[in-house]
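There are 2 protein chains.
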Amino acid sequence: MARRYMKQDVPLEKIRRYLEPGPIVLVSSSWEGERNIMTMGWHMVMEFSPSLVGCVIASSNHSFELVRQSRQCVINLPTTALLDAVVGIGTTSGSEIDKFERFDLTPETMEGVDAPAIRECHAHFACRLHDDSLVDKYNFFIWEVIAARAARTPKHPETLHYTGDGVFMVAGKVVSRRSAALLSMEPR
Amino acid sequence: MARRYMKQDVPLEKIRRYLEPGPIVLVSSSWEGERNIMTMGWHMVMEFSPSLVGCVIASSNHSFELVRQSRQCVINLPTTALLDAVVGIGTTSGSEIDKFERFDLTPETMEGVDAPAIRECHAHFACRLHDDSLVDKYNFFIWEVIAARAARTPKHPETLHYTGDGVFMVAGKVVSRRSAALLSMEPR
Numbered sequence: 004m005a006r007r008y009m010k011q012d013v014p015l016e017k018i019r020r021y022l023e024p025g026p027i028v029l030v031s032s033s034w035e036g037e038r039n040i041m042t043m044g045w046h047m048v049m050e051f052s053p054s055l056v057g058c059v060i061a062s063s064n065h066s067f068e069l070v071r072q073s074r075q076c077v078i079n080l081p082t083t084a085l086l087d088a089v090v091g092i093g094t095t096s097g098s099e100i101d102k103f104e105r106f107d108l109t110p111e112t113m114e115g116v117d118a119p120a121i122r123e124c125h126a127h128f129a130c131r132l133h134d135d136s137l138v139d140k141y142n143f144f145i146w147e148v149i150a151a152r153a154a155r156t157p158k159h160p161e162t163l164h165y166t167g168d169g170v171f172m173v174a175g176k177v178v179s180r181r182s183a184a185l186l187s188m189e190p191r
Numbered sequence: 004m005a006r007r008y009m010k011q012d013v014p015l016e017k018i019r020r021y022l023e024p025g026p027i028v029l030v031s032s033s034w035e036g037e038r039n040i041m042t043m044g045w046h047m048v049m050e051f052s053p054s055l056v057g058c059v060i061a062s063s064n065h066s067f068e069l070v071r072q073s074r075q076c077v078i079n080l081p082t083t084a085l086l087d088a089v090v091g092i093g094t095t096s097g098s099e100i101d102k103f104e105r106f107d108l109t110p111e112t113m114e115g116v117d118a119p120a121i122r123e124c125h126a127h128f129a130c131r132l133h134d135d136s137l138v139d140k141y142n143f144f145i146w147e148v149i150a151a152r153a154a155r156t157p158k159h160p161e162t163l164h165y166t167g168d169g170v171f172m173v174a175g176k177v178v179s180r181r182s183a184a185l186l187s188m189e190p191r
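Line order of the protein sequences matches chains A and B. Position one of the first sequence corresponds to residue 4 (the working numbering), numbered consecutively onward. Position one of the second sequence corresponds to residue 4 (the working numbering), numbered consecutively onward.
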């Protein structure tokens with residue numbers, strides 16, 4: 004069973020710390036009494052403030068209608084401790100099972116959205132749909148993150164980065180050039 | 004000095020293997036006799052075929068006009084061996100220096116684009132602008148990858164994943180669930 008975390012709020016302009024490294028994430032959603040979780044690798048940070056995140060959710064996924072109709076989701080960050088759940092969620096369909104029950108995950112309320120967060124994850128980002136102009140063409144959603152919570156420790160958990168074909172790279176080791184924050188990639 | 008790689012063409016629908024894990028990349032561009040390189044962390048895979056990649060290049064970057072006017076770029080994948088160049092490129096401006104010369108990098112021609120690839124990188128993705136509809140609003144470019152080359156070995160190089168503030172996570176270790184490719188994240 005995954006560990007329990009002590010969590011704290013994260014300033015919204017700081018969430019890039021969790022998402023910019025490109026981990027696979029779990030997107031949870033709900034709409035009219037139904038809930039679901041999907042595994043997602045196609046996402047990116049788009050702006051510091053407002054805190055914007057873009058992602059592709061293919062229309063063939065059961066979650067597509069839930070996020071499109073509710074205009075909300077929670078992006079959850081799993082660590083390597085949740086590898087089996089990440090794979091299980093990504094290889095089953097919410098049209099057939101309740102993924103919280105099947106994978107023994109705990110729904111948790113989050114400020115500002117009805118979509119449930121997943122307690123066993125390291126961090127959670129509550130999202131409201133900010134721009135749907137490219138949903139029809141590319142299944143591309145732009146979300147505004149309106150609340151964020153993350154575990155106090157570990158500071159740099161091991162995360163999973165998907166390459167396709169069931170193969171993940173693991174990031175956890177840290178290299179620092181703190182004297183040299185990248186101009187091209189910092190807020191201004 | 005970075006090692007020399009033996010490189011081979013990569014099928015365009017397979018490039019997610021390199022970019023979906025979310026590494027920091029080097030974007031090279033040229034326009035009217037000028038060339039530049041920028042360090043970029045805000046990118047994502049958007050489609051298998053055509054092979055689409057989205058990215059944000061802030062208009063304050065010197066590269067912005069080069070990629071917007073030329074409607075081309077090359078996305079290059081550096082490994083940890085290039086950490087110093089990645090940081091150097093991200094903390095200087097192409098308005099003042101030629102980054103190929105300053106960081107001892109070798110421009111290389113690539114099929115289908117005038118923008119130079121960076122020989123010392125592990126992989127290269129030649130891009131043509133596919134959709135600029137959200138450039139004015141979000142600095143968001145959607146590229147079609149029209150040619151791709153990657154080193155034959157190592158199969159899973161150590162890559163850099165930016166968290167902000169000069170801190171990178173390193174991915175290199177691999178975990179495999181090959182029997183269970185993620186339905187939600189595979190081509191269909």
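For the record, the hints were derived by calculation from the structure and aren't laboratory data. Quick caveat: nothing in here was measured; it's all calculated off a predicted structure. Keep in mind that a hint or two might mislead.
In this list, chains with the same sequence are indistinguishable; a pair is considered to hold if it fits within one copy or across any two.
[What the hints assert, rightly or not] Using 27 Å as the maximum straight-line C-alpha spacing, the simulated DSSO-like pairs for lysine-lysine come out as follows:
1. Lys176 - Lys140
2. Lys158 - Lys176
3. Lys10 - Lys158
Right, here's what the structure says about each hint:
Taking identical chains as interchangeable, the C-alpha atoms of Lys176 and Lys140 are never at most 27 Å apart, the minima being 38 Å within one chain and 36 Å between chains. When the C-alpha separation of Lys158 and Lys176 is checked against a cutoff of 27 Å, the pair qualifies both within a copy, at 11 Å, and between copies, at 19 Å. Only within a single protomer do Lys10 and Lys158 lie at most 27 Å apart by alpha-carbon distance; the minimum there is 12 Å, versus 37 Å between protomers.
Checked against the numbered hints given earlier, the structure breaks only hint 1 and satisfies all the rest.
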